[in-house]
Each structure stands twice: as structure tokens, then as C-alpha cells.
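A.B. asks: Sequence:
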Amino acid sequence: MSSIANPNGELISLEAGEYKATATTVGAGLQSLTFQGQDLVLPFPPDELPPAYAGKTLMPWPNRIQGGAYGFGGQRYEVPVNEAATGSALHGLVLWREWQVERHSSEEVTLTHRLHGQPGYPFQLELSTRYRLEADSGLMVELRAENCGQSRAPYGCGSHPYVTVGREDISNCELNFTAGKVLLTDEKLQPADLIDSRGTEFDFSVARLLRSQRLDHAFTALPAGRWDVTLRNPALRLSAVVQSTGADAPWLQLYSGELRDRQGLAVEPMSCPPDAFNSGQDLIVLEPGQAHVMSYRILALEG
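Position 88 (the sequence shown) corresponds to 88 in the numbering used here; numbering is contiguous.
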């Protein structure tokens with residue numbers, strides 16, 4: 001008799017210093033991350049489907065493809081629409097696929113998946129997601145894709161952690177990050193207008209309480225070097241910080257987590273904006289044999 005299957009596949013525990021994390025083989029996901037016992041990533045029950053794409057690896061595109069259709073190399077392609085309300089293809093093709101454990105130690109795991117191609121995305125990619133805990137600098141996440149096919153392939157990537165500080169309502173937390181531009185969307189969350197964010201309600205260059213503000217927006221014009229998104233719980237004097245570079249992740253999606261009772265803020269580093277497969281903006285085109293790597297880090301700051 002076969003054993004009972006877990007919708008998240010195998011759960012892989014990591015530990016370094018005062019950090020602990022759990023990764024999942026389905027969707028190369030991040031189920032939990034804690035520091036000194038406090039949640040830095042809003043966890044989900046390990047035996048249930050992750051709500052609202054929690055912790056998923058987003059490949060070969062992040063965010064949405066409008067109408068599930070795009071053109072590339074003179075051809076029109078259609079991928080499955082999986083968000084009926086917006087009529088979009090959301091977050092790629094490997095969210096619910098089983099990934100393989102390539103390497104695993106007490107502090108690190110590398111998960112791999114070969115995307116063989118399908119109607120709508122007939123391209124072949126070798127994908128990997130690496131999670132590495134470091135006692136002094138938290139969790140490093142590395143997303144890598146290599147074109148193992150014979151033709152050029154459109155590509156983008158992202159990651160979908162919900163950061164939290166002790167599962168406190170984010171309305172009571174301070175948010176701080178710097179971005180020069182914010183992408184406004186229409187009623188179906190499709191890109192409408194890229195505007196200057198300075199001096200608007202989307203300006204968090206000075207830390208301030210989120211209060212009741214709702215976010216589901218992509219930001220760009222991030223600092224040229226390292227950028228930081230800091231969610232601070234004043235009561236705990238603890239912050240959850242997401243770090244990357246503008247070269248690795250020139251786009252950043254923030255979602256205020258209404259589908260998760262605002263207990264976590266989705267901080268999604270992305271290589272390209274929503275609907276990049278149609279706009280071409282920051283779209284990566286992988287030549288046969290070419291690879292792309294994006295990395296970011298989640299850590300705790302006290303004080």
C-alpha cells in the first residue's frame with residue numbers, strides 16, 4: 001500500500017545559528033523561516049496546500065501574462081489561464097510540480113526540475129532553487145535557469161515569500177524601502193501606468209506604519225546597488241528584511257496579504273515586471289546553453 005501523499009512533497013529542515021527554515025519539494029517552496037523562534041516568513045500548515053502562492057518559486061515567469069497569450073519569435077503562444085478573475089496566467093508553470101533534491105546538508109538544500117516544455121511554452125529549461133542558511137546573515141535564496149533546449153527561450157523569475165514579524169498584523173508594522181517608480185494597474189491588475197512614486201502614497205523611503213494601506217503593486221527604479229525592504233514590528237523591536245540588488249532583481253512586487261488576513265507582506269523579488277512576455281520590458285531571452293541567476297536574502301535585524 002502506498003503512503004499518504006503530502007501536497008507539499010518532502011519537507012526539508014535547515015538550521016544555522018538562531019535561524020531555522022523548512023523548504024518543500026513541491027514548487028521548490030519556502031514553508032517557514034524563524035529567528036530566535038519568531039516567524040520571519042508567515043508559515044502555512046505543512047500538510048495543506050500553500051494559501052495565496054505562499055513561498056512558491058515563480059518560473060518561467062513571475063506575476064501575470066495578460067489573457068494567457070503572448071508572442072515570441074514571430075509565433076503566438078497560449079498558456080493556461082489560472083486566475084479567472086483577471087483572465088491571466090499567473091506565476092509560471094512549476095508551482096505545483098515536484099522538484100528533486102540534488103544536494104542537502106543541515107544548512108543548505110538545492111532543488112532541481114527539468115521543464116520539458118508544453119503547448120504554449122515549448123522550451124526546455126533546467127531549473128534550480130537553492131536555500132542556504134547562514135548564522136550571521138539569514139537565508140540566501142538563489143534561482144537559476146539554463147536553456148537546455150535548441151531554441152531561444154523567453155524567461156523571467158521571482159519568488160513569493162510572505163514576510164512577517166511574529167505574525168503581527170502588518171497594519172501595526174513599519175515598512176521602509178526605496179523605489180523611484182510604481183506600476184499602477186487596472187481593475188484586472190494589468191499594467192496601466194508607470195509613475196514616479198516619490199511623494200505619493202507609495203513612497204516608503206521614510207519608514208512609516210502601513211496602517212490600513214493596501215498594496216498589490218510592482219516597483220522599480222530600485223537602488224543601483226543593494227536594495228532592502230524592511231518590515232519592522234516596533235513592539236518586538238525586530239525587523240524582517242529582504243535584500244537583493246537591482247542587477248539581480250530590478251523589480252519588486254509587494255502585496256499586503258489580504259488573502260492571509262494581513263499577517264504577512266508578500267515581498268516578491270522579480271527579474272521582470274507583470275506581463276513582460278507581452279511588453280518585452282526586462283524580459284530575459286535565454287540562448288541555448290545560456291543560464292540566468294537571481295538571488296536574494298531574508299534576515300532578521302534587532303532593534
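Just so you know, the hints here were simulated from the structure itself, not pulled from any lab data.
Check the hints yourself; a few may be wrong.
Beta-carbon label-pair distances, calculated as ranges [claimed, not checked]:
(1) L184 / D47: 30 to 40 Å
(2) L49 / E18: 28 to 38 Å
(3) D136 / A224: 21 to 31 Å
(4) P223 / I195: 14 to 24 Å
(5) L184 / R226: 18 to 28 Å
(6) N6 / E287: 33 to 43 Å
(7) E18 / Q190: 40 to 50 Å
(8) A224 / Q281: 13 to 23 Å
Please read these numbers as outputs of a predicted model, since none were measured by experiment.
The beta carbon of each residue, even a glycine, is placed where N, CA and C say it ideally should be.
A.B. asks: Using the Cβ atoms, figure out if L184 sits within 30 to 40 Å of D47.
C.D. replies: With a Cβ separation near 39 Å, L184 and D47 satisfy 30 to 40 Å, so the hint holds.
A.B. asks: For L49 and E18, compare the CB-CB distance with the range 28 to 38 Å and indicate the outcome.
C.D. replies: This hint holds: roughly 30 Å between Cβ atoms.
A.B. asks: For the hint 18 to 28 Å, verify it against the beta carbon of L184 and that of R226.
C.D. replies: At roughly 26 Å between Cβ atoms, R226 and L184 fall inside 18 to 28 Å, so the hint holds.
A.B. asks: Okay, P223 versus I195 on CB: inside 14 to 24 Å?
C.D. replies: 18 Å, holds
A.B. asks: Would you say the C-beta atoms of N6 and E287 sit inside 33 to 43 Å of each other?
C.D. replies: 38 Å, holds
A.B. asks: Within 21 to 31 Å or not, the Cβ separation of D136 and A224?
C.D. replies: Taking Cβ atoms as reference, D136 and A224 lie about 25 Å apart, which means the hint holds.
A.B. asks: Given the hint of 40 to 50 Å, check if E18 and Q190 actually sit that far apart at their C-beta atoms.
C.D. replies: 42 Å, holds
A.B. asks: Is the hinted range of 13 to 23 Å satisfied by the C-beta distance from A224 to Q281?
C.D. replies: 18 Å, holds
Figure legend: structure checked against the earlier numbered hints; every hint is met.
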